[in-house]
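Participant: Letter by letter, the chains look like this.
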Amino acid sequence: ERKQEARNPFFRVVELADDTIDPAVWGKNFPMQYDLYKRTVDQERTRYGGSEALPRTPTQADPRSVVAQSKLEEDPRLVTMWKGYAFSVDFREERGHAYMLIDQRMTRRVQEFKQPGTCLQCHASTYVAMQKLGGGDLFKGFEAMNKMPYAEATKLVEHPVSCIDCHDPKTMRLRVTRPAFMEGIRALKASQGVADYDVNTMASAQEMRSFVCGQCHVEYYFKGDEKRLVFPWSKGLKAENMLAYYDEVGHKDWVHAETGAPALKAQHPEFEMWNQGVHARSGVACADCHMPYKREGGLKISDHHVRSPLLNVNRACQGCHHFSEQEMKSRVEEIQGRFHMARNVAMDALMELISDLKKAKESGASEAALKPAQEFHRKATFFLDLVEADNSSGFHAPGEELRILTQVVDFCRKGQLALRGAQPTQKASHATSTGPVGD
Amino acid sequence: ERKQEARNPFFRVVELADDTIDPAVWGKNFPMQYDLYKRTVDQERTRYGGSEALPRTPTQADPRSVVAQSKLEEDPRLVTMWKGYAFSVDFREERGHAYMLIDQRMTRRVQEFKQPGTCLQCHASTYVAMQKLGGGDLFKGFEAMNKMPYAEATKLVEHPVSCIDCHDPKTMRLRVTRPAFMEGIRALKASQGVADYDVNTMASAQEMRSFVCGQCHVEYYFKGDEKRLVFPWSKGLKAENMLAYYDEVGHKDWVHAETGAPALKAQHPEFEMWNQGVHARSGVACADCHMPYKREGGLKISDHHVRSPLLNVNRACQGCHHFSEQEMKSRVEEIQGRFHMARNVAMDALMELISDLKKAKESGASEAALKPAQEFHRKATFFLDLVEADNSSGFHAPGEELRILTQVVDFCRKGQLALRGAQPTQKASHATSTGPVGD
Amino acid sequence: MNILEQVMSEHGYITPLLLGVPLGILLGLGFYTFGYARGAAYMTDDPDACTNCHVMRGQYESWMKSSHRKVAVCNDCHTPAGLAPKYFTKALNGFNHSMAFTTGRFPDEIRITARNHRVAEASCEKCHADIVSGINGVRHDGEKVSCSTCHRAVGHAY
Ligand SMILES: [Ca+2]
Ligand SMILES: [Ca+2]
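Protein chains in written order, with the numbering used here: chain A, 1095 to 1533; chain B, 1095 to 1533; chain C, 5 to 162.
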């Protein structure tokens, strides 16, 4: 009977249905979680993360009075890296969930480029909108929304990610609501020999604490004319696996303006990187660090103020790590500083490959002469972008991200050498004899 | 009163003096430690470590009936890496302490090359010999032994590292007996602002559990004609710091036979690498993993069978890590596999730089034309050797060792590019703005 | 681990049949080592009893320094609620540990068994059911949050 009560600690004042979008309504039943959820408007900087609140004067076109700092200004090499692609025009540090919809609507990548409805999958509470569009069929709705022009599709949504996107309104259990993740994780499990994986019935409660995040914090691309949202996981989650997938389906995101290489852009592969770190291996979930438990009166609740754990070290880390808060911070910063240094070596190498390719093109080198270097450019920029786009600055998988960087440097320099007529030598038999890939 | 007994658990049957070399005598007082100490003759392989017992027919010149596998045969690229240096002739996997003296006496690096008495510092119980040579003055004896030819000096010793090299015979407390470590650690502490550091009076008991190992498991060189054993630590323990030291004093170990580069050979920097890993940062000492506590009857003693912790996972790791033995093993192997893969990318790059330099020399390129590439070769081969020679295959400092490898690849490829007339570009301001060095 | 314990870890101690029979054997065998290893300790709740075995001293000493020293003794966390299950577990552990102790066949770094881990995990709710009712409230039974992933040191550091 205490059990009974224990199962239902929250006093339900309103009935929540599968079409209750407004978080404020959910908040009537769960005021503590709602109050914390609203705090994702806060902006605070950490050494490499968080975000800076830059004031700006709102305009007709862009009503935002505060934005996050521009990463293109922080490191102009990114502009060269993405020449010819929308990202080279506007790319900012990401901030709290509260901003996801407005930041997408207002980015110059949307204002000045044609984008599909697909974009909304990860920037708004789309669950109910998809259900409606599909007449009760989530996948139909998903496909319909992908095909729409962004301007139209965005009219169908009004909230950033909301309670209903992660929770079942009846039981409050976590659930995956994004078709792209359902398909992606099924393809991944299939590659591991698990057939017909259905995430909402087969995942453990602990796994769900990461899977709900994996609906958005992942690498993706838009497949075909129907602009279907697809995660490139059918060969695995490692850099090599995803590249192999793109090569096989012959996908490119854009042609680099200066080198002519069929380039790939990687985005926020937090889920993929985390998967290759020691924390995932130890069963530590995204929510453990980004939504740690918090005591509110007589209850422990999950901190729905999703943010950098470095702004919340005591709860996020010290449950498991018995070192001082300062020490935990500097451990992270040591890992990030090391990553940053290697990343800069790779970034400089990429800049030199691009300028060499540019010169070669201008001086009228033949397609055949450029091809090997362009292939190295495609690989290098994708690998570098993968670790660059993991917003933890190397923390989610310190070893794996550095391993990838050694390869980036090798690809860039080999590209430069190819332009100077060096023959790409056979890898020594050793080079592939061991190593994590395929393990 | 039980406490009392606990304080003095060992029944002393013989008096130990500061010139009692023979471990068998110490063993009368401490039979358990002695029995374990003797087991360092065991040879067993792990995936990347331990050692293989290869039977051989003893000869007049070399009485050994068992040796460890040759690393030169395992990876012939090492022969090219060390062309012109003794290591390219004979280099084997290291094995237990019991073999340290015989393996040194019998290596072709001693048999076929002139070596100084200095070599013995880390391969025999030299404490008493030094005291005698110096007439009670350890440093005088140290200097005298360094200067002697190996063949003479080796007559002064008969045991591998023994109790007296790590223990004070009266109190059994740990002590440092090697002048080179006393001087090296003092120089290091000075660089950190600690003046006149005296290791035997100022180090904590926990620090001593690593310092006794740091007497030998470190990078070193022979300074000047007096062949003084010196550890290059006065600027710090990072790869960059040690290279800066060697550049400043203008030291080279040999001139590479094929490239003419003034090269440096790094040896077993376990102490330096461990220092940059998360374990050292967490206060975990060499002895914690390589000499874990072992239950003998009612006592917990240190396992003097010094060996790979992967042959002893329960005691070595599971006191701190609550995962299964198999899981701990595969965590290490994942780190080592990843390291091995990056290390092979770097090794291949080095091979290509060497062959390019060789060709350039043969085709009569000018000194001036070769110089930039030779400088890159010097840096690259030293950095690669540092991580290669850390016998943990990347485990002691997974992040730092991979960071170093990204730099090795960059150096090698830049050297190749220099030979093709590319101008070494200025590092982008970013490249050095952050990163662990100098942190 | 012995067959009996495997059976137990699979079927728990629900059916009286499973319970009764081995309990008899256990107590029999148990007593055989009692004198030798003071397995009788298991019948009391006094933590000092656990330290009749020096191999338990590590936990005991860090329990003395733990946040739970004043609020929970060993058996609060290492035996299930309810008399029968509690004494069954005591007997089972008493038997295993006495045997292990007598034969000396156990690792230096002792690991909790799967069964006793479940017992320890469940014990938290004896006292903290309310405070964790929220985080467990959105979980199916059998999917309860594992407390020891974050709080493994509350009873003792190791
Ligand atoms: Ca951010
Ligand atoms: Ca070895």
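These are computed hints drawn from the structure, not numbers from a lab. Some hints could be false.
[Stated by the list, open to error] Under 7 Å between C-beta atoms, here's a sample of chain C residues computed to sit facing chain A:
id : residue
1  : Y91
2  : I114
3  : I116
4  : G138
5  : E147
6  : V158
[Unchecked claim] Straight-line alpha carbon distances no greater than 20 Å define the calculated SDA-like cross-link-like pairs of lysine to any residue that follow:
id : chain 1 : residue 1 : chain 2 : residue 2
7  : B       : K1332     : B       : G1377
8  : B       : K1332     : A       : R1425
9  : C       : K148      : A       : R1425
10 : C       : K148      : A       : G1377
11 : A       : K1394     : C       : G62
12 : A       : K1388     : C       : V158
13 : A       : K1394     : C       : V142
14 : C       : K148      : A       : L1393
15 : B       : K1394     : C       : V142
16 : A       : K1388     : C       : V136
17 : B       : K1394     : C       : R115
18 : A       : K1264     : C       : V142
19 : A       : K1394     : C       : K130
No residue lacks a Cβ here, since even glycine has one placed at the ideal position from N, Cα and C.
Participant: Which constraints among the numbered hints does this structure fail? Numbers only, ascending.
Facilitator: Numbers 1, 2, 3, 6, 9, 11 and 15 - these are the hints that the structure violates, sorted from lowest upward.
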